[in-house]
Structures are given as structure tokens and as C-alpha cells.
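K.L.:
Sequence:
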Amino acid sequence: MNCKMSEHHVRFDAASASDPTNIEKQISFQKVGPKEILVHLGFLQIDHRYKITFSIPKTVLDIQGLVPDVNKCRSIEYTIMEFVESLNDYKFVLDFKAMCDNVVEEVINLNSSSKCKEVRIILRATVIGKGKGTPMVRKGVKSIEIMDHSESDN
1 MNCKMSEHHV
11 RFDAASASDP
21 TNIEKQISFQ
31 KVGPKEILVH
41 LGFLQIDHRY
51 KITFSIPKTV
61 LDIQGLVPDV
71 NKCRSIEYTI
81 MEFVESLNDY
91 KFVLDFKAMC
101 DNVVEEVINL
111 NSSSKCKEVR
121 IILRATVIGK
131 GKGTPMVRKG
141 VKSIEIMDHS
151 ESDN
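Per this note's numbering, the sequence shown runs over residues 1 to 154.
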């Protein structure tokens, strides 16, 4: 992917943005510790609300029967709309609000059904402020609302 920063603006190469095989267009993840997965959501626009859908293979998490810890998954940035365990993976559907011009990290805590094991899913997004460019939205990220500026200040 060709991405240039100039005068605090982000510009993406049109060819790479339209290429469906471009790996940079996918939500990606990496194991950063024995019980931590970092999920890269990419660039998002400030004051936008997104529906974010992604799956993590069970082979990466290496624990069966995980469920979100509702006591630790409280955030004004995201809401878990759907969490489904299938035969091969865990599917997440989130409502995510991009409210500050910065690199944002939020954590989803998952516990095994016996509560003896925990996994942290770290969501990372770069939120671009007004007038600083147009983000290349990744597959699985859909803008669903432009929020009033006053809504993101609360």
C-alpha cells in the first residue's frame, strides 16, 4: 500500500485502494503475547460510527469456549453487538465510535466458560481528524453514521 503523509494529510494510492487482493484492505491481527491478540482496524474518520466485523481463528486463540467478560468490556468507544463461536473461529460484530483524533486502543476481555483462562483482544485504530485526509476503510469496516461533533465530545 502506498500511503503518504504530507502537511498532516493522509493520501492513499488509488490503485492500491481499489485492488481487492491488497492485504492492507483486510482487518489484520497478530498474537502479541500468550493471551493477547492485537487487531488492526486501520484508519477511521473522527466523529463517525462504524459497524466492524471480523473473525479470529480458534487456532490463534488456542482456547475453546470463550465468552466476553461483561464486567470488563465496558467502553464508550465500542459495544459488542454480536459474538459467535463457530467450529473454526470466533466472530465479532462491534459498534465502534471514532471520537478522538489519535491512535485508539480498546480492549475486549474474553474468559473461558470455566473462567480459568482469559484472553485480551486489543483493538487498535488510527482515527483521522477533520481535514486531515480520507481513510481507506478496510473490509469488515462500514461507516453507519456521522455523529454530531457535540456527541463525540461527551
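Hints in this document: simulated from the structure, not taken from any laboratory. Check before you lean on any hint, since a few could be wrong.
[Unchecked claim] Calculated lysine-lysine pairs in the BS3-like style (CA-CA distance at most 30 Å, straight line):
#1 K51 to K142
#2 K72 to K31
#3 K130 to K58
#4 K132 to K117
#5 K142 to K31
#6 K91 to K142
#7 K139 to K58
#8 K58 to K91
#9 K139 to K35
#10 K132 to K142
#11 K58 to K72
#12 K117 to K130
#13 K130 to K35
#14 K25 to K139
#15 K58 to K132
#16 K72 to K132
#17 K58 to K35
[What the hints assert, rightly or not] Label pairs and their in silico Cβ distance ranges:
#18 V32 to D148: 28 to 38 Å
#19 G129 to S75: 35 to 45 Å
#20 T126 to E82: 39 to 49 Å
Idealized CB from N, CA, C, for every residue including glycine.
K.L.:
Which hint numbers does the structure go against, in order from smallest to largest?
P.N.:
Checked against the structure, the hints that fail are numbers 3, 4, 12, 13, 15, 16, 19, 20, while the rest are satisfied.
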